[in-house]
Amino acid sequence: MVEAKRRPVEARQVSTLLDQWQRTCPPRGSDVPASGNVGFMVVAPFLGPSARERLAEAGISYADATGNIRFVTNRPAAFIETQGAVRNPWRETVRLRSLQGRRSGRVVRAFLDYRPPFGTRELATLTGNAPASISRVADLLDRDGILERKAPRKAIVSVEWERLLRRWAIDYEFSNANRMIPCLEPRGLQRLFDKLRDADFTYAVTGSFAAVRYAPIAEPRVATVYAANPEEAVRRLGLRPADTGANVLVGQPFDPVVFDRTEYADGITYARVTQVVPDLMTGPGRGPAEAESLVEWMRSKEELWRLPSMQTT
-5 MVEAKRRPVE
5 ARQVSTLLDQ
15 WQRTCPPRGS
25 DVPASGNVGF
35 MVVAPFLGPS
45 ARERLAEAGI
55 SYADATGNIR
65 FVTNRPAAFI
75 ETQGAVRNPW
85 RETVRLRSLQ
95 GRRSGRVVRA
105 FLDYRPPFGT
115 RELATLTGNA
125 PASISRVADL
135 LDRDGILERK
145 APRKAIVSVE
155 WERLLRRWAI
165 DYEFSNANRM
175 IPCLEPRGLQ
185 RLFDKLRDAD
195 FTYAVTGSFA
205 AVRYAPIAEP
215 RVATVYAANP
225 EEAVRRLGLR
235 PADTGANVLV
245 GQPFDPVVFD
255 RTEYADGITY
265 ARVTQVVPDL
275 MTGPGRGPAE
285 AESLVEWMRS
295 KEELWRLPSM
305 QTT
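Residue 307 is where the sequence shown ends in the numbering used here, and the numbering goes up by one at each step.
Hint data in this document are derived by calculation from the structure and do not stem from the laboratory.
The structure presented is a predicted model; accordingly, all values stated were derived computationally and were not measured.
Be careful, since some hints might not be right.
[Unchecked claim] Keeping only pairs whose Cα atoms sit at most 25 Å apart, straight-line, the calculated DMTMM-like set for lysine to aspartate or glutamate is:
(1) LYS(-1) to GLU75
(2) LYS189 to ASP254
(3) LYS144 to GLU156
(4) LYS295 to GLU142
(5) LYS144 to ASP192
(6) LYS189 to GLU213
(7) LYS148 to GLU116
(8) LYS189 to GLU179
(9) LYS148 to GLU167
(10) LYS144 to GLU154
(11) LYS144 to ASP13
(12) LYS295 to ASP254
(13) LYS295 to GLU213
(14) LYS144 to GLU179
(15) LYS295 to GLU156
(16) LYS189 to ASP237
(17) LYS(-1) to ASP13
(18) LYS(-1) to GLU116
(19) LYS189 to GLU225
(20) LYS295 to GLU154
(21) LYS189 to GLU297
(22) LYS(-1) to GLU51
(23) LYS144 to ASP260
(24) LYS144 to GLU116
(25) LYS148 to ASP133
(26) LYS144 to GLU47
(27) LYS144 to GLU296
(28) LYS(-1) to GLU142
(29) LYS189 to ASP260
(30) LYS295 to GLU257
(31) LYS148 to GLU4
(32) LYS144 to GLU4
(33) LYS144 to ASP133
(34) LYS189 to GLU226
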């Protein structure tokens, strides 16, 4: 059975489609599920990553006009999967379709850092964004099935933080979003951290050295440091700008939110794990593998990294 849609299918619509499938194709045998008798496929102009993930989890095949295809049958046994566009090439201009940019990043960080429920006005006060910006990001995440809102005030009652991290990583690219200066600390990275302990300027360590505290994979080789004024930080830390052989990256962040709700350990200021993960997910080398290891730690330690209230700290 094929359900053809004229508009892109959003993640939150998948449960409705699944219910429709089960009602339309009831089981022929008392103990046989509907999906075992008749396959179900959704065809649409575009299916975003969240929608495709939910469809696959529900056992629903799909295809869109950009080439995203997943076709699975048991009898006869068949499995076809191809990758198309990650972003909708026919974007609507009215609704927010991307989490790219400083304002969206600020809102996403708040959604990740704090436990719901919370309201639009609370987030607006916390993030420095207009309530309209909060609502637009919430609308996008609601359509992707990542958060749930409760009428009539539309307070946000739940957020799937792992899905949100992965959704943010689609639009956020570490190297493009942040201006980094490659540098060399000739006396080694231990010397760099000794100097950071005495630093009196705003900074936050991200990347491998921030992740290894919770989820070590291998010894980090490059230190990545956000600084409010990267040129001044390079000078005060005594680093040498280097085109090759750099062991330190000092950068100006996409937004000062990277300095919000930072973590402290052994005299060093670290970016929060909710910032470190997307930095690693979209970073070079073994960054993505380090991000997955850190996400695994976050699953079992949510009570440690997620703040219990909307109170600023």
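For each hint, the structure was consulted:
At most 25 Å may separate the alpha-carbon atoms for a hinted pair to count; LYS(-1) and GLU75 meet this at roughly 20 Å. With a C-alpha separation of about 22 Å, the suggested pairing of LYS189 with ASP254 holds against the 25 Å cut-off. With a CA separation close to 21 Å, the supplied pair LYS144 and GLU156 stays within the 25 Å bound. The straight-line distance between the Cα atoms of LYS295 and GLU142 is roughly 22 Å, inside the 25 Å bound, and the hint therefore holds.
Annotation: proposed proximity of LYS144 to ASP192 is violated, straight-line Cα distance about 47 Å (limit 25 Å). Restraint check: the Cα-Cα separation between LYS189 and GLU213 comes to about 20 Å, which is no more than 25 Å; the hinted pair holds. Using a Cα cut-off of 25 Å, the hinted pair LYS148 and GLU116 holds, with the two alpha carbons roughly 13 Å apart. Between LYS189 and GLU179 the CA atoms are separated by roughly 11 Å; this keeps the pair inside 25 Å, and the hint holds.
A C-alpha spacing of about 30 Å is found between LYS148 and GLU167, which places the hinted pair above 25 Å, so the restraint is violated. With a CA separation close to 15 Å, the supplied pair LYS144 and GLU154 stays within the 25 Å bound. Proposed proximity of LYS144 and ASP13 is supported: the alpha carbons are some 22 Å apart, at most 25 Å. About 20 Å separates the Cα atoms of LYS295 and ASP254, which keeps this hinted pair within 25 Å; it holds.
For the given pair, LYS295 sits about 23 Å from GLU213 by alpha-carbon distance, which is consistent with the 25 Å threshold. Between the alpha carbons of LYS144 and GLU179 the distance comes to roughly 52 Å, so the proposed pair goes past 25 Å and is violated. Taking the CA atoms of LYS295 and GLU156, the gap is about 13 Å. The hint holds against a cut of 25 Å. Only pairs whose Cα atoms come within 25 Å are accepted, and LYS189 paired with ASP237 is accepted, the gap being roughly 22 Å.
Simply put, LYS(-1) and ASP13 have alpha-carbon atoms about 16 Å apart, close enough for the 25 Å limit, and the pair holds. Using a Cα cut-off of 25 Å, the hinted pair LYS(-1) and GLU116 is violated, with the two alpha carbons roughly 37 Å apart. Between the alpha carbons of LYS189 and GLU225 the distance comes to roughly 16 Å, so the proposed pair stays at or under 25 Å and holds. The suggested pairing of LYS295 with GLU154 holds, with an alpha-carbon distance near 15 Å, which does not exceed 25 Å.
For the hint pairing LYS189 with GLU297, the CA-to-CA distance comes to about 32 Å; that exceeds 25 Å, so the pair is violated. Between LYS(-1) and GLU51 the alpha-carbon distance is near 20 Å, which keeps this suggested pair within the 25 Å criterion. Annotation: proposed proximity of LYS144 to ASP260 is violated, straight-line Cα distance about 42 Å (limit 25 Å). Using a Cα cut-off of 25 Å, the hinted pair LYS144 and GLU116 holds, with the two alpha carbons roughly 15 Å apart.
Pair hint LYS148 plus ASP133 holds up; C-alpha atoms about 10 Å apart against a cutoff of 25 Å. Between LYS144 and GLU47 the alpha-carbon distance is near 24 Å, which keeps this suggested pair within the 25 Å criterion. Using a Cα cut-off of 25 Å, the hinted pair LYS144 and GLU296 holds, with the two alpha carbons roughly 23 Å apart. This hinted pair checks out: LYS(-1) and GLU142 have alpha carbons roughly 24 Å apart, not beyond 25 Å.
Of the pairs offered as hints, the one joining LYS189 and ASP260 holds, with about 13 Å between alpha carbons and a cut-off of 25 Å not exceeded. Taking the CA atoms of LYS295 and GLU257, the gap is about 15 Å. The hint holds against a cut of 25 Å. Restraint check for LYS148 and GLU4: satisfied, since their Cα atoms lie roughly 19 Å apart, inside the 25 Å limit. Distance restraint check for LYS144 and GLU4: the Cα-Cα separation of roughly 18 Å lies within the 25 Å cut-off, and the hinted pair is therefore satisfied.
For a cut-off of 25 Å, the pair hint linking LYS144 to ASP133 stands: about 13 Å separates their Cα positions. Only pairs whose Cα atoms come within 25 Å are accepted, and LYS189 paired with GLU226 is accepted, the gap being roughly 14 Å.
Against the hints set out earlier in the document, violations occur for numbers 5, 9, 14, 18, 21, 23.
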